Amino acid sequence: MINLQQDCDFSPMRDQIKTSLRNIADDIGTLLTQMDSEKHCMLSTLETIQHHFSRIQSTAGTFYLNCYLSPYTSKFMELSTTLQNLSERKVGALIVVERNDPVEQLVRHGVSIGAALSHTLLESIFYPGNPLHDGAVLVKGDRIETASTVLPLSNSIVDKQKFGTRHRAALGMSELSDAIVLIVSEETGSASFAVEGHLYPVILH
84 MINLQQDCDF SPMRDQIKTS LRNIADDIGT LLTQMDSEKH CMLSTLETIQ
134 HHFSRIQSTA GTFYLNCYLS PYTSKFMELS TTLQNLSERK VGALIVVERN
184 DPVEQLVRHG VSIGAALSHT LLESIFYPGN PLHDGAVLVK GDRIETASTV
234 LPLSNSIVDK QKFGTRHRAA LGMSELSDAI VLIVSEETGS ASFAVEGHLY
284 PVILH
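Here the sequence shown stands for residues 84 to 288, where the numbers follow my numbering.
Keep in mind the hints are simulated off the structure, nothing from the lab. Predicted, not measured: the structure shown is a model, and the values here were computed from it. Where hints are given, some of them may not hold.
[What the hints assert, rightly or not] Just the calculated beta-carbon pair ranges, DEER-fashion:
| hint | residue 1 | residue 2 | range |
| --- | --- | --- | --- |
| 1 | R97 | G247 | 30 to 36 Å |
| 2 | R226 | R191 | 18 to 24 Å |
| 3 | R97 | S195 | 18 to 24 Å |
| 4 | S195 | L104 | 41 to 47 Å |
| 5 | E130 | P154 | 23 to 29 Å |
| 6 | P211 | L104 | 36 to 42 Å |
[What the hints assert, rightly or not] Below, in silico cross-link-like pairs of lysine to any residue (SDA-like), each with a Cα-Cα straight-line distance of 25 Å or less:
| hint | residue 1 | residue 2 |
| --- | --- | --- |
| 7 | K223 | M160 |
| 8 | K223 | D184 |
| 9 | K223 | Y283 |
| 10 | K101 | K223 |
| 11 | K223 | E187 |
| 12 | K223 | L189 |
| 13 | K101 | I139 |
| 14 | K173 | I111 |
| 15 | K223 | D261 |
| 16 | K173 | N149 |
| 17 | K223 | P235 |
| 18 | K173 | S207 |
| 19 | K223 | I139 |
| 20 | K223 | L259 |
| 21 | K223 | S201 |
| 22 | K101 | T113 |
| 23 | K223 | T156 |
| 24 | K173 | S273 |
| 25 | K101 | T128 |
| 26 | K173 | T128 |
| 27 | K101 | Q140 |
In this text, a Cβ means the ideal position worked out from N, Cα and C, and glycines have one as well.
Based on the sequences and whatever the hints tell you, model everything.
Encoded structure:
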């Protein structure tokens, strides 16, 4: 269980999650009632509930990602915009946001950037063909410290074929520190984040 550093006030998204959970609870209640009838097949309803649960998980991922980032960078919406734009274009990305644990001893630094964090700069770094697009970007506070940074790969993954290098690097970094690591898959365009050795999907609005 990850502890939040402060109360998280993203009320619209929190309310959306609550409403969705209540709707699922109603669906489950209806399903339990219908099970008394042998004529009713529950498979379609179960499939719908499963879809709703997946959607809620992604929405909750977005909600908590903002909660985890906001105490450490005021530019968390710039990071969300970056994920949104890169995801739409299926441009791969790997962004480490340092929190309490220093990460210098865990990474192999690439190129020093030392610039204010903005989604335009981040997107240009990861744009295909840019010599800095391989590796990770390291963010501290409201600044981009380095690009083309090499992260430690996770050794705890059993099925390594299931994860690409970016996801293994994100998990490895999150296993060794409390950093939040953002990932965009260039194969699918899906966005996720790693924290405490776990990956969570996010919905991008």
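In rising order, the numbers of the hints this structure does not comply with: 3, 5, 10, 14, 19, 26
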